[in-house]
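The opening position of the sequence shown corresponds to residue 12 in my numbering, with each subsequent residue numbered one higher.
Just to be clear, a hint being listed does not mean it is correct.
[What the hints assert, rightly or not] With a straight-line cut-off of 30 Å between C-alpha atoms, the simulated BS3-like cross-links for lysine-lysine are: (1) Lys106 / Lys15; (2) Lys73 / Lys15; (3) Lys235 / Lys245; (4) Lys227 / Lys244; (5) Lys122 / Lys72; (6) Lys143 / Lys72; (7) Lys182 / Lys113; (8) Lys194 / Lys182; (9) Lys270 / Lys29; (10) Lys112 / Lys172; (11) Lys222 / Lys194.
[To be verified] The calculated label-pair distances, taken between Cβ atoms and stated as ranges, are: (12) Ala75 / Met130: 34 to 42 Å; (13) Asn133 / Thr191: 17 to 25 Å; (14) Arg180 / Lys222: 20 to 28 Å.
Derived by calculation from the structure, the hints in this document are not laboratory data.
Ideal Cβ positions, reconstructed from N, Cα and C, are used throughout, including at glycine.
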Amino acid sequence: MYLKEFERYLQFERRYSKHTLIAYVHEVNLFLTFLEHEHLAFDQVNHRDMRHYFALMAEAKKSASTVNRSISSLRTYYKFLQREGIVKGSPIQIKALKTPKKLPVVVEKDKLLQLLDHMEVNVHDFETRRDKLVVELLFGTGIRLAELLQIQDRDIDYYNKNMLIFGKRNKERLVPINETLIKELQLYLQAKSLYIENNKSSFLIVTKEGKPAYEKLIYRIVHKYLSMVSSQKKRSPHILRHTFATALLDNGADLNAIKELLGHAGLAATQVYTHNSVERLKSIYKQAHPKA
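Throw the hints in and build the complete structure from the sequences for me.
Rendered as structure tokens:
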């Protein structure tokens, strides 16, 4: 089955994120369970077996995105096996399904700005200072949750007003930081040195015990504050990334510049934000034009 080897391949050679790695291994495990049930060997599977597997997924009413994730996972798995000389070729001859494009969910910019401007911070409480910085950083830079957790104190250049970010597959990029963020960072680092005893962590965002922050903590922080300005179900850190990109586009930023700031590999991923801006313009037109 070579699952451990496949996992190492994804982690160290392909440099996939933790989430992608977990998802791919999960999909391969599901497929191997199917093979066991069908009394098939993984190195003897043909394209008819693969069609049968994906047909079963369709019968189980799996979404197109779930099926596509499985196709991508298994295609990568068999490419790995082929590279290692374990199989002669890949049995996957299935194209990805078409999925409906979902517009990025955003928070109303004015409400978010009002929240940040009036967010109460107890100067004697490290956690409230940290929580405000988390929201400011995510909205002020558009970085991903995983990228936020990887930032170290040394990655911040106050003189040039930028921050070194390690993105997907360890790709580096410099992200500018504004004066508000610089002030928040300095206040946070003061609180960190004052209230965290024996703080030896080099990571920027830490728990009250001085340990590196983790995903659930950031989710809780963002959910708490977005609940104050939004009634929508989704209140995740990624929504602040979407809001950052949409705000830049609405204010005339070049799409290529937004692509670089977000760390997208191609322009296609960035272009989804243009739909949000078009929808917003339509809404304004309907409200403002006498014949709309």
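Against the structure, the hints:
1. Lys106 / Lys15: This hinted pair holds, its Cα atoms lying about 27 Å apart.
2. Lys73 / Lys15: This hinted pair holds, its Cα atoms lying about 27 Å apart.
3. Lys235 / Lys245: holds (12 Å)
4. Lys227 / Lys244: Roughly 17 Å separates the two Cα atoms, so the pair holds.
5. Lys122 / Lys72: violated (39 Å)
6. Lys143 / Lys72: violated (42 Å)
7. Lys182 / Lys113: The hint holds at about 26 Å.
8. Lys194 / Lys182: Within the cut-off at roughly 27 Å; holds.
9. Lys270 / Lys29: holds (23 Å)
10. Lys112 / Lys172: violated (36 Å)
11. Lys222 / Lys194: Status holds; Cα separation ~23 Å.
12. Ala75 / Met130: 34 to 42 Å: holds (40 Å)
13. Asn133 / Thr191: 17 to 25 Å: holds (19 Å)
14. Arg180 / Lys222: 20 to 28 Å: holds (26 Å)
Going down the numbered hints, you'll see the structure goes against 5, 6, 10, while the others check out.
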